[in-house]
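These protein sequence lines are chains E and B, in that order. First residue of the first sequence: 1, per my numbering; consecutive thereafter. First residue of the second sequence: 1001, per my numbering; consecutive thereafter.
These are calculated hints, taken from the structure and not from any lab test. We treat Cβ as the ideally placed atom computed from N, Cα and C, and that holds for glycine. Check the hints yourself; a few may be wrong.
As the list claims (entries may be wrong) - Pulled from the structure, derived: some chain B residues nowhere near chain E, Cβ distances all over 10 Å:
#1 A1001
#2 A1014
#3 E1015
#4 G1016
#5 T1020
#6 T1024
#7 Y1025
#8 S1026
#9 V1057
#10 F1063
#11 E1066
#12 H1075
#13 S1080
#14 S1084
#15 I1111
#16 K1113
Claimed, not checked - Covered stretches of chain B (in silico footprint by chain E; criterion: 3 or more residues with CB under 8 Å from a CB of chain E, positions within the stretch not fixed):
#17 1046-1054
#18 1102-1110
Said to hold, decoys possible - Quick list of simulated restraints, FRET-style, between CB atoms:
#19 B:P1018 - E:A54: 40 to 50 Å
#20 B:A1106 - E:G100: 17 to 27 Å
#21 B:N1041 - E:A20: 14 to 24 Å
#22 E:R64 - B:A1001: 21 to 31 Å
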Amino acid sequence: EAGVVQSPRYKIIEKKQPVAFWCNPISGHNTLYWYRQNLGQGPELLIRYENEEAVDDSQLPKDRFSAERLKGVDSTLKIQPAELGDSAVYLCASTPGESGANVLTFGAGSRLTVL
Amino acid sequence: AQSVAQPEDQVNVAEGNPLTVKCTYSVSGNPYLFWYVQYPNRGLQFLLKYITGDNLVKGSYGFEAEFNKSQTSFHLKKPSALVSDSALYFCAVRFMDSNYQLIWGAGTKLIIKP
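Given the sequences, and given the hints that come with them, work out the whole structure.
Take a look at the structure:
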């Protein structure tokens, strides 16, 4: 069974350019998370989906970040325009559903460098 | 406020010695507790969790963790460290509020020296 798949693994862009990250969760996993992780720090939740509904986007900087999960399967996270401070690793994770005991399965991450 | 603390940025242990990576939390009620590991240039991987029952839980790669309710701690342990255990370790606590919020510690870098 394939794990959580993310692409691209690495992206280097100039500031003010747009960038998009894609995530395909484990088949059957209804809950999908996007996290941002800065070097040497813990993950910070950006948005959580239950199927196609964004149930927690309180930490998403909505002036420049957007996300979608149109059919409740794969998801895209977009930044437009990117700023220097957006350089980080963007992690996608999924669980079968929103039960407190569920374990998150993470993708390998997308490392963004903004120049 | 609900919080998770990993008081050590880095832990250094000689290979073959026991290791402990500390985690404490501040929360009301009964949280669910998790440890994840991150190897260089890799995503986070689940190690173990405490939900209920026996306070000592065993996980992947020979790791175990002890839940101590009175001290609100969930320290990660391994009896004999391997060089390959060197990685970044994260404690995470899920608070059973209406949002199932998952709070992450800042991480502890574990270095095992041969």
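Quick rundown of the hints versus the structure:
no., hint, verdict
1, A1001, "holds, 15 Å"
2, A1014, "holds, 23 Å"
3, E1015, "holds, 24 Å"
4, G1016, "holds, 27 Å"
5, T1020, "holds, 19 Å"
6, T1024, "holds, 15 Å"
7, Y1025, "holds, 13 Å"
8, S1026, "holds, 16 Å"
9, V1057, "holds, 12 Å"
10, F1063, "holds, 15 Å"
11, E1066, "holds, 19 Å"
12, H1075, "holds, 17 Å"
13, S1080, "holds, 26 Å"
14, S1084, "holds, 19 Å"
15, I1111, "holds, 13 Å"
16, K1113, "holds, 20 Å"
17, 1046-1054, "holds (count 3)"
18, 1102-1110, "holds (count 6)"
19, B:P1018 - E:A54: 40 to 50 Å, "holds, 44 Å"
20, B:A1106 - E:G100: 17 to 27 Å, "holds, 22 Å"
21, B:N1041 - E:A20: 14 to 24 Å, "holds, 21 Å"
22, E:R64 - B:A1001: 21 to 31 Å, "holds, 27 Å"
Consistency with the previously given hints is maintained throughout, with no hint failing.
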